[in-house]
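K.L.:
Sequence:
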Amino acid sequence: MKRRNSLVLLVITLLILWHSPSSFAWADDFRLELKIYNEQGEEFVFPFTLSSREATKFQNDPYTEIKPYLERVRRICATKCGYTESEYGPKYYRMIAIESYSFTLLDDHGRIMLRT
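Numbers 110 to 225, taken from our numbering, label the letters of the sequence shown in order.
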């Protein structure tokens, strides 16, 4: 009976880890928290998980490396607002304007590595 309970617990734990991998940081994982602000001053936070290589590149040249993440955030926001590629073309995400942004790069222990 003990073995069966531990097996069930293991399966449940694996399912939880599989369904939310961004919630758990493995060793040498870094977290990027990107905050954007729209024209109304509303703040939206988008977390990303980075490998150690991506984090090193990000630390060396943050303002170049942030561009793909800003584009990804604009695509997410455009989709949530109802803008579609079929209606507005391949650059549909340009319908979303980001007034300003800030970001924080954290290591796997939550220590701040870089902040703007």
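These are computed hints drawn from the structure, not numbers from a lab. One thing to keep in mind: the hints can contain errors.
What follows is a set of in silico ranges between Cβ atoms, one per label pair, in the way DEER data are often shown [claimed, not checked]: (1) Tyr146 to Leu119: 35 to 45 Å; (2) Arg203 to Lys144: 12 to 22 Å; (3) Ser160 to Arg184: 31 to 41 Å; (4) Ile121 to Lys176: 18 to 28 Å; (5) Glu148 to Thr193: 41 to 51 Å; (6) Lys200 to Glu163: 38 to 48 Å; (7) Leu119 to Glu148: 23 to 33 Å; (8) Pro171 to Ile121: 15 to 25 Å; (9) Ile121 to Glu151: 33 to 43 Å; (10) Leu119 to Pro171: 15 to 25 Å; (11) Thr193 to Gln168: 15 to 25 Å; (12) Leu119 to Gln168: 35 to 45 Å; (13) Thr193 to Arg220: 12 to 22 Å.
Derived pair list, reagent style DSBU-like, types lysine-lysine, alpha-carbon separation capped at 35 Å [as the list claims (entries may be wrong)]: (14) Lys144 to Lys166; (15) Lys176 to Lys200; (16) Lys176 to Lys144.
A virtual CB, placed ideally from N, CA and C, is assigned to each residue, including glycine.
K.L.:
In this structure, is the beta-carbon distance linking Lys200 and Glu163 contained in 38 to 48 Å?
P.N.:
violated (25 Å)
K.L.:
Could you see if the CB distance from Ile121 to Lys176 stays within 18 to 28 Å?
P.N.:
violated (40 Å)
K.L.:
Against the 35 Å threshold, does the CA-CA distance of Lys176 and Lys144 hold or violate the hint?
P.N.:
holds (13 Å)
K.L.:
Sort out whether Lys200 lies within 35 Å of Lys176, counting only the CA atoms.
P.N.:
Holds. Lys176 to Lys200 sits at ~15 Å (cutoff 35 Å).
K.L.:
The hint says 23 to 33 Å between Leu119 and Glu148; measuring C-beta to C-beta, is that right?
P.N.:
violated (49 Å)
K.L.:
With 12 to 22 Å as the target window, see if Arg203 and Lys144 comply at their CB atoms.
P.N.:
holds (20 Å)
K.L.:
Tell me if the beta carbons of Leu119 and Gln168 are separated by a distance inside 35 to 45 Å.
P.N.:
holds (37 Å)
K.L.:
Using the C-beta atoms of Tyr146 and Leu119, is the stated range 35 to 45 Å upheld?
P.N.:
Once the Cβ atoms are compared, 43 Å apart, the range 35 to 45 Å for Leu119 and Tyr146 holds.
K.L.:
How does the Cβ-Cβ distance of Glu148 and Thr193 compare with 41 to 51 Å: does it lie in that range?
P.N.:
For Glu148 and Thr193 the Cβ distance comes to about 22 Å; the hint is violated.
K.L.:
A range of 12 to 22 Å was offered for this pair. Does it hold for the Cβ distance of Thr193 and Arg220?
P.N.:
violated (40 Å)
K.L.:
Does the Cβ pair Ser160, Arg184 satisfy 31 to 41 Å?
P.N.:
Violated: the Cβ-Cβ distance is about 21 Å, outside 31 to 41 Å.
K.L.:
Given the hint of 15 to 25 Å, check if Leu119 and Pro171 actually sit that far apart at their C-beta atoms.
P.N.:
At 40 Å between Cβs, range violated.
In this structure, the hints that do not hold are numbers 3, 4, 5, 6, 7, 8, 10, 11 and 13, in rising order.
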